[in-house]
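Given chain P, work out where chain E should sit, using these hints.
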Amino acid sequence: MSEALRDAKPVDVELALPSAVRPHCGGKASVELAAADVRALLAAFAAKWPVGGRMVCDEQGRPRQHLNLFVGLESIRSLRGLDTLLHEGDVVSIVPAVSGG
Amino acid sequence: MAARLLVTVGTKKGLFVLEGSKHGRRFDVHGPYFPGLSVNATLFDRRGTPRIVAAASSPWFGCGVHVAPMQLAKGGGPKWKATGGVPAFAKDDASARTLKQIWSLAEGPGKRDWFCGVEPAALFHSEDGGKGWQPVASFNEHPHAKSWSPGAGGLCLHTILPSKDAFHVAVSTGGHYCSRDGRATFKPENKGIDAHFNPDRNPEYGQCVHKIAAHPSRPERLYAQNHGGAADRQDLSVLRSDDGGRTWTSIAKGLPSDFGFPIVVHPDQPDTIYVVPLETATRTCPGGKPTVWRSEDAGETWEPLRKGLPKKEAWYTVLRDAMSADDAKESSLWFGTTTGQLWRGRDGGDEWEQVVANLPPIHSVRAATV
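Sequence order for the protein chains is P and E. Per this note's numbering, residue 9 is the first one in the first sequence, and the count goes up by one each step. Per this note's numbering, residue 790 is the first one in the second sequence, and the count goes up by one each step.
Don't read these hints as lab results, they were simulated from the structure. All of these numbers come straight from a predicted model, not from anything done at the bench. Even for Gly, the Cβ is constructed at its ideal location relative to N, Cα and C. Heads up, a few of these hints could be off.
Unchecked claim - Ranges between beta-carbon positions, derived for each pair:
| hint | chain 1 | residue 1 | chain 2 | residue 2 | range |
| --- | --- | --- | --- | --- | --- |
| 1 | E | P1093 | P | A55 | 56 to 64 Å |
| 2 | E | K880 | P | P18 | 32 to 40 Å |
| 3 | P | A24 | E | E1009 | 56 to 64 Å |
| 4 | P | P18 | E | P988 | 52 to 60 Å |
| 5 | P | H74 | E | K1042 | 40 to 48 Å |
To be verified - Dumping the calculated DSS-like pairs for lysine-lysine here, alpha-carbon to alpha-carbon at most 27 Å:
| hint | chain 1 | residue 1 | chain 2 | residue 2 |
| --- | --- | --- | --- | --- |
| 6 | E | K920 | P | K36 |
| 7 | E | K1118 | P | K36 |
| 8 | P | K17 | E | K889 |
| 9 | E | K802 | E | K889 |
| 10 | E | K1078 | P | K56 |
| 11 | E | K863 | E | K1100 |
| 12 | E | K1078 | E | K1101 |
| 13 | P | K36 | E | K802 |
| 14 | E | K920 | P | K56 |
| 15 | E | K870 | E | K889 |
| 16 | P | K36 | E | K868 |
| 17 | P | K36 | P | K56 |
| 18 | P | K56 | E | K870 |
| 19 | E | K880 | P | K56 |
| 20 | E | K1078 | E | K1042 |
Claimed, not checked - Computed far set for chain E versus chain P, every beta-carbon distance over 12 Å:
| hint | residue |
| --- | --- |
| 21 | H914 |
| 22 | K935 |
| 23 | H985 |
Chain P on its own, in the form it takes in the complex (with noise of 0.2 Å):
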């Protein structure tokens, strides 16, 4: 973990859900939650509601292989993945792939 990691505080923050999870989580659009990086708003967002958080993680916390995660417009494969330090306001978004068949 890095200096900047080590020394980031939590902030508050939006994660905008996929239409299936909703369901899961009092059928919001989107929750407030406050995390330092993504990784931690994962772990928030599993903790307040475990249906959901099993939705968008695997068993070992990693996103699910067709989930693409954002922060604004960028997607966290171009920043710092799971890492990627999270600013007051920021709008996380998690968007299903378009895959499959």
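Chain E alone, transformed into the frame defined by chain P:
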């Protein structure tokens, strides 16, 4: 009310539930339930309030186990409720395994006991109606597990056959394993099962067994549809064991191919079995002429059942869980195809009729009276 039939048709895109009179030709089609999700396994559990149990697997959002009463409201389909629990590997799993799909469901010894087979190949047990699932460590942590490898369908535990004295499971590709000590240990038992895709054709384990079936009244006799389709011989891979799975003997003589996926035992006749031979290269019915083959003498002889089925240009594929027999007095056989047709073979398969024509690819079919 006259006896009615319920048919669960699990597809690549959700579950359909058909309901109709036992003797009629028209069925109400309900669903799709769990739309977009693969449904590889359903179970009719009559212990307590009769229930349908369904396992749905999503490539996006993971898996779920759901239950609904078998008794449907008039004109309505099943009302599903998630059990709340899902099988899961440990967070510190040495191989970092994660659940991909649920492939099989079976009743356990208790009233609320179920077993569940998953991909990657592993066995889970619930004692509380699916609220919690415990890994069967003696199987999941078996020293062989790291060398099992996936077939085209994935590394799946597709067969769970509990009986009084033995607990059988089968993995593609891993082979047949049996526990005779209450699931404390599992041992491979594949003597006689060919593995032509392997440099050693008779390994201790690693066979690509496609399905194993047994009649509850004769648990020591098992039937297996193995991968088959060896280049040099096509008479090896439909098999029978008369010693509870310790040794296996081919019963494929008389069949047009020993490649196939399902093998089904008649619910009232332990010596009557059904297979759907497929061409090895295409995994479709030989010559585009679908035929179910029946043996009434435990595989000594076979007869083709094709009355009512297409006579040509029907290259059906029937997957391992897509054929089953219902429990009506005059049992019907049912199969579904990867091209979405559901067929019913009345009187044990003597006469076939198409029930539904255009479903998504069918993965699993189960039928029961209600």
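Verification of the supplied hints:
no.: 1; hint: P1093(E) to A55(P): 56 to 64 Å; verdict: holds, 59 Å
no.: 2; hint: K880(E) to P18(P): 32 to 40 Å; verdict: violated, 22 Å
no.: 3; hint: A24(P) to E1009(E): 56 to 64 Å; verdict: holds, 57 Å
no.: 4; hint: P18(P) to P988(E): 52 to 60 Å; verdict: holds, 56 Å
no.: 5; hint: H74(P) to K1042(E): 40 to 48 Å; verdict: holds, 46 Å
no.: 6; hint: K920(E) to K36(P); verdict: holds, 24 Å
no.: 7; hint: K1118(E) to K36(P); verdict: violated, 50 Å
no.: 8; hint: K17(P) to K889(E); verdict: violated, 35 Å
no.: 9; hint: K802(E) to K889(E); verdict: holds, 16 Å
no.: 10; hint: K1078(E) to K56(P); verdict: violated, 55 Å
no.: 11; hint: K863(E) to K1100(E); verdict: violated, 38 Å
no.: 12; hint: K1078(E) to K1101(E); verdict: holds, 5 Å
no.: 13; hint: K36(P) to K802(E); verdict: holds, 25 Å
no.: 14; hint: K920(E) to K56(P); verdict: holds, 18 Å
no.: 15; hint: K870(E) to K889(E); verdict: holds, 21 Å
no.: 16; hint: K36(P) to K868(E); verdict: holds, 23 Å
no.: 17; hint: K36(P) to K56(P); verdict: holds, 13 Å
no.: 18; hint: K56(P) to K870(E); verdict: holds, 21 Å
no.: 19; hint: K880(E) to K56(P); verdict: holds, 19 Å
no.: 20; hint: K1078(E) to K1042(E); verdict: holds, 20 Å
no.: 21; hint: H914; verdict: holds, 17 Å
no.: 22; hint: K935; verdict: holds, 17 Å
no.: 23; hint: H985; verdict: holds, 32 Å
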